[in-house]
Amino acid sequence: MEQEAQRRLKTYGYNQLPMHAFSSFKILLRQFQNPIFAMLIATAVVAGLFSQPEQSIAIGVMIAISVVLGYYNEYKAEKIVEDLRKNVSIKAVVKRDGKSVQVDSKLLVPGDLVSVYVGDVVPADVRLVQSKDLQVDEATFTGESYPVEKIPDAIAAENPIPQQLTNYLFMGTVIVHGAGNGVVTATGKNTELGSISKSLIRAHPETEFQRGVKKYGTLLLSLTLALTIGIFTLNFALGRFWVDALLFSLAVAVGLVPELMPAIVTISLAQGASKMAKAKVVVKRLVSIEDFGSMDVLCTDKTGTLTEGKINLKDYSSLDKDKDPLVLTYALLCNSAIVETRTVGNPMDVAVWEYARRNGAEEPLKNYSKVDDVPFDYHRRMMSTIVRKDGQSILLSKGAPESVLTRCTYAELRGEKRPLATVLDSVKKRFSAFSEHGYRVLALAYANVKPKQVYSADDEKDLTLMGFLVFTDPPKSDAANAIERLKEMGVDVKILTGDNELVAVKICEELGVPVKGVVTGLDLVQMSWTKIIEEVEKASIFARITPEQKLDIIKALKANGHVVGYMGDGVNDAPALYEADVGISVDTAVDISKEVADIVLLKKDLLVLADGINEGRKIFGNTIKYILMGTSSNFGNMFSAAAASAFLPFLPMLPMQILFMNLLYDVANMTLPTDNVDEEYIKKPKRWDMSFVKKYTLFFGPFSSLYDFLTYGIMLFIFSAATNQALFQSGWFVESFWTEVLVIFVIRTRRIPFFSSRPGKWLTVLTLCCVALGTIVPFTILGGFLGFTALPPEYWVLLVLMVATYLVLVDAGKVFFYKICKL
Amino acid sequence: MDIDLFSWWAYSITAGSVFLTLVAIYIYVRSKNKRGQAARSKLGPGDFVKDFVFVWVLLGLLAFYIVTINLKSPVIFAVGNVFVEVLLILYLRFNKTKATDAGES
Numbered sequence: 001m002e003q004e005a006q007r008r009l010k011t012y013g014y015n016q017l018p019m020h021a022f023s024s025f026k027i028l029l030r031q032f033q034n035p036i037f038a039m040l041i042a043t044a045v046v047a048g049l050f051s052q053p054e055q056s057i058a059i060g061v062m063i064a065i066s067v068v069l070g071y072y073n074e075y076k077a078e079k080i081v082e083d084l085r086k087n088v089s090i091k092a093v094v095k096r097d098g099k100s101v102q103v104d105s106k107l108l109v110p111g112d113l114v115s116v117y118v119g120d121v122v123p124a125d126v127r128l129v130q131s132k133d134l135q136v137d138e139a140t141f142t143g144e145s146y147p148v149e150k151i152p153d154a155i156a157a158e159n160p161i162p163q164q165l166t167n168y169l170f171m172g173t174v175i176v177h178g179a180g181n182g183v184v185t186a187t188g189k190n191t192e193l194g195s196i197s198k199s200l201i202r203a204h205p206e207t208e209f210q211r212g213v214k215k216y217g218t219l220l221l222s223l224t225l226a227l228t229i230g231i232f233t234l235n236f237a238l239g240r241f242w243v244d245a246l247l248f249s250l251a252v253a254v255g256l257v258p259e260l261m262p263a264i265v266t267i268s269l270a271q272g273a274s275k276m277a278k279a280k281v282v283v284k285r286l287v288s289i290e291d292f293g294s295m296d297v298l299c300t301d302k303t304g305t306l307t308e309g310k311i312n313l314k315d316y317s318s319l320d321k322d323k324d325p326l327v328l329t330y331a332l333l334c335n336s337a338i339v340e341t342r343t344v345g346n347p348m349d350v351a352v353w354e355y356a357r358r359n360g361a362e363e364p365l366k367n368y369s370k371v372d373d374v375p376f377d378y379h380r381r382m383m384s385t386i387v388r389k390d391g392q393s394i395l396l397s398k399g400a401p402e403s404v405l406t407r408c409t410y411a412e413l414r415g416e417k418r419p420l421a422t423v424l425d426s427v428k429k430r431f432s433a434f435s436e437h438g439y440r441v442l443a444l445a446y447a448n449v450k451p452k453q454v455y456s457a458d459d460e461k462d463l464t465l466m467g468f469l470v471f472t473d474p475p476k477s478d479a480a481n482a483i484e485r486l487k488e489m490g491v492d493v494k495i496l497t498g499d500n501e502l503v504a505v506k507i508c509e510e511l512g513v514p515v516k517g518v519v520t521g522l523d524l525v526q527m528s529w530t531k532i533i534e535e536v537e538k539a540s541i542f543a544r545i546t547p548e549q550k551l552d553i554i555k556a557l558k559a560n561g562h563v564v565g566y567m568g569d570g571v572n573d574a575p576a577l578y579e580a581d582v583g584i585s586v587d588t589a590v591d592i593s594k595e596v597a598d599i600v601l602l603k604k605d606l607l608v609l610a611d612g613i614n615e616g617r618k619i620f621g622n623t624i625k626y627i628l629m630g631t632s633s634n635f636g637n638m639f640s641a642a643a644a645s646a647f648l649p650f651l652p653m654l655p656m657q658i659l660f661m662n663l664l665y666d667v668a669n670m671t672l673p674t675d676n677v678d679e680e681y682i683k684k685p686k687r688w689d690m691s692f693v694k695k696y697t698l699f700f701g702p703f704s705s706l707y708d709f710l711t712y713g714i715m716l717f718i719f720s721a722a723t724n725q726a727l728f729q730s731g732w733f734v735e736s737f738w739t740e741v742l743v744i745f746v747i748r749t750r751r752i753p754f755f756s757s758r759p760g761k762w763l764t765v766l767t768l769c770c771v772a773l774g775t776i777v778p779f780t781i782l783g784g785f786l787g788f789t790a791l792p793p794e795y796w797v798l799l800v801l802m803v804a805t806y807l808v809l810v811d812a813g814k815v816f817f818y819k820i821c822k823l
Numbered sequence: 001m002d003i004d005l006f007s008w009w010a011y012s013i014t015a016g017s018v019f020l021t022l023v024a025i026y027i028y029v030r031s032k033n034k035r036g037q038a039a040r041s042k043l044g045p046g047d048f049v050k051d052f053v054f055v056w057v058l059l060g061l062l063a064f065y066i067v068t069i070n071l072k073s074p075v076i077f078a079v080g081n082v083f084v085e086v087l088l089i090l091y092l093r094f095n096k097t098k099a100t101d102a103g104e105s
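From first to last, the protein sequence lines are chains A and B.
Note that the working numbering has the first sequence beginning at 1, numbered continuously upward.
Note that the working numbering has the second sequence beginning at 1, numbered continuously upward.
Calculated from the structure, these hints are not laboratory results.
Heads up, a few of these hints could be off.
Claimed, not checked - Some but not every residue of chain B turned toward chain A, in silico, with C-beta under 10 Å: (1) Trp9; (2) Gly16; (3) Arg30; (4) Val49; (5) Asp51; (6) Ile66; (7) Ile69; (8) Ser73; (9) Asn81.
Remember, predicted model here, so these are calculated numbers, not experimental data.
Glycine included, every Cβ here is placed at the ideal spot set by N, Cα and C.
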């Protein structure tokens, strides 16, 4: 059987959609989609066409090196992510060699017999063989927002459309209720989803970081365009050969744009993702890492974060005695857990079954036959099961006490049925007492009903309250520490729970977690949107809320300018996970939650999350360093090149020289993602602030220009280079490169460089190597080819002193700048 | 040729320094306005002088560079740079704590 599965796997391929494929060709193609490469290629062609073959070859070589660098790094990054994704594989229950086993869903083949349960993402196209109250959400597939019932019966329609195939389950749809077995009919690209997969990919909304990078790109593009046109016009007007003018203006433009930025960002993210994986945080969507670091509000449920997440049945009491066996029997009958090879489903229903199995309490069930179910939904907050015993139909309801009580008319006390009103106060007190002790409580009620085939929620009326099911979920010992740590990191934790407020408050009190305010689902219903926006800031616990209200809370927090994370693991958490800036799920979550989440924790623990946030902030910090460097020193240098071209009798630097400097600069920055980040920088969430980037450019750009002008002065008037083009260009090349690259040691920290903030080892080594290379180039054959000449020894002395003054002056400017512009 | 080129150079580097000073003033004023009337009224002329130390150094350096380049003296240029570096390093050491704190907003 297993051998046959292997054979079919070879024939049909892996059960995965083409959109998940990892293509090295696509990565290579992506390198050329950068507009800068188009500019570089244009520059090479223009040079080649107008008898400057050496320039053309040099530019071609630089293009090749840049492509190889970009490709290598992006390939490495994608490979890391691909490997990480494997940690969060979707599993399928399949019969192999007569046994039910869990396999990675990508290993499914046509002919496999699979089982699906509530919360599962259907792993392939499946013809149903057996079903049990099976309802499927096909919204991503058909657009139908209501769950569709699936039954194995044959259908009569000829050439049915997928919506008519009620005996089929389609890959990618979600089981929202019940369970079923079926035979896999198609896998991977042969499934219905595979044939239309591209149109079905629901793009994630852009992250704040992506929006920021886009704005930054637009700013650079406008600067580059203006400068290119300006330089070309000016040089052409000054009577320079138009090809020289064009090449020079294009080279300055290329020098301005950080063409390796996509590679640098991807390396940062991939290396961060790799580190985070060691901290048991698996990143599914790389770009979400920066938002993870920027996150300042985390919404989470309490199960598994504030509590251990191990729900146990503590008591099953009627209104007059504890541990009433009939209450337990009714709880087993009115139960949505799927009890087969494994018990799955709602944790409280599972807890009831586990208790009954441990204590051999299943025996009475044989006296009942099940007739129908009215499944649970988040609006009624209850479920019902209709059973028959001794010819009598009984409707059993179980759910949130507030919901069940509103449908009760009677209560059973000491075997007698009496009006609920006579015992309501004592019932409420008992319920409150349970809640105040931190127990989770469900109410159980019944009604004798007339026999019929199908029942609905309308039949849940005139019920008789029978008792309570009491569950424990012990508080987590380290939860208070974790919340405190997150608070120190500037992340406000809000608890979003379906439980009542008393339980949530009690657990918080036990843990010593401060409760700022409590808002219930009922309160939210009565609030206007403006009021919700106001209240979400004040409250720290949201109790008894529906999945839609979770979404409202997240939207309101986002409207208030927060970067919101949402941690959840249930079927009902999927919309909130999608809406949040960062959707966080756990490895034990239902498939759909893992599928939509950006980040999956291998351990549901807030401390694990805190480590991940730290990593996200480091990545954000290092990416910002690159951007700030690019927009300040780079911009300053290119601006001085443009200005000098207007007054010098020759070009201040040849296009080839500018491109060579740019390449060396890019190489020097390749290790920036490994740099250390100051402790205080990662203490608080950081946001992308375009106005800060603009101010930074405006302020630090001129520093670099000033020292370029100073170099012009030294070269022209001390070393008489006005008539020696190669000497001038060599002098300025070295100064420009030194200042451009070495300034990273000043910009990378707000502290005093080296003394109170050490740069990363690899950044230091590679930067110094590149500086050394840039320094010796004028003395080499390559230097001769690029148009450089050896510089006099006195120049090196002046250069060292001048660059040292520049770096110290920038540092002094930094003190002024950060004092004024607090980021 | 030399004189023309020198004038151009001197004008350019002066324009660059003036531009940087204006940017610093612009950022300073904008920031103070953002922080409101209370912050503005607390400011005395002493604060302005202190906050703009790097600008004074910059303008001093500008004058020094123009003079030394005009004198074509690498020795004075080298000595002047060393002197300014020492001054700035002392200033930075003195402002170390404040600078770090400022970043921790």
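Structure-based check of each hint:
A distance limit of 10 Å between C-beta atoms decides the matter here; for B:Trp9 the minimum to chain A is near 5 Å, and the interface restraint holds. Below 10 Å, beta-carbon pairs count as interface contacts, and B:Gly16 has one with chain A at about 5 Å; its hint therefore holds. For B:Arg30, the suggested interface contact is upheld, since its CB lies about 9 Å from the closest CB of chain A, less than 10 Å. Taking 10 Å as the C-beta contact cut-off toward chain A, the hint placing B:Val49 at the interface is violated, the least distance being around 12 Å.
For B:Asp51, the shortest C-beta to C-beta distance to chain A is roughly 7 Å, which falls under 10 Å, so the interface hint holds. For B:Ile66, the suggested interface contact is upheld, since its CB lies about 8 Å from the closest CB of chain A, less than 10 Å. With a least beta-carbon distance of about 4 Å to chain A, the hint placing B:Ile69 at the interface is held under the 10 Å criterion. For B:Ser73, the interface hint holds, since its Cβ comes within 10 Å of a Cβ in chain A; the closest pair sits about 8 Å apart.
Given the 10 Å rule on beta carbons, the hint for B:Asn81 holds: about 4 Å separates it from the nearest Cβ of chain A.
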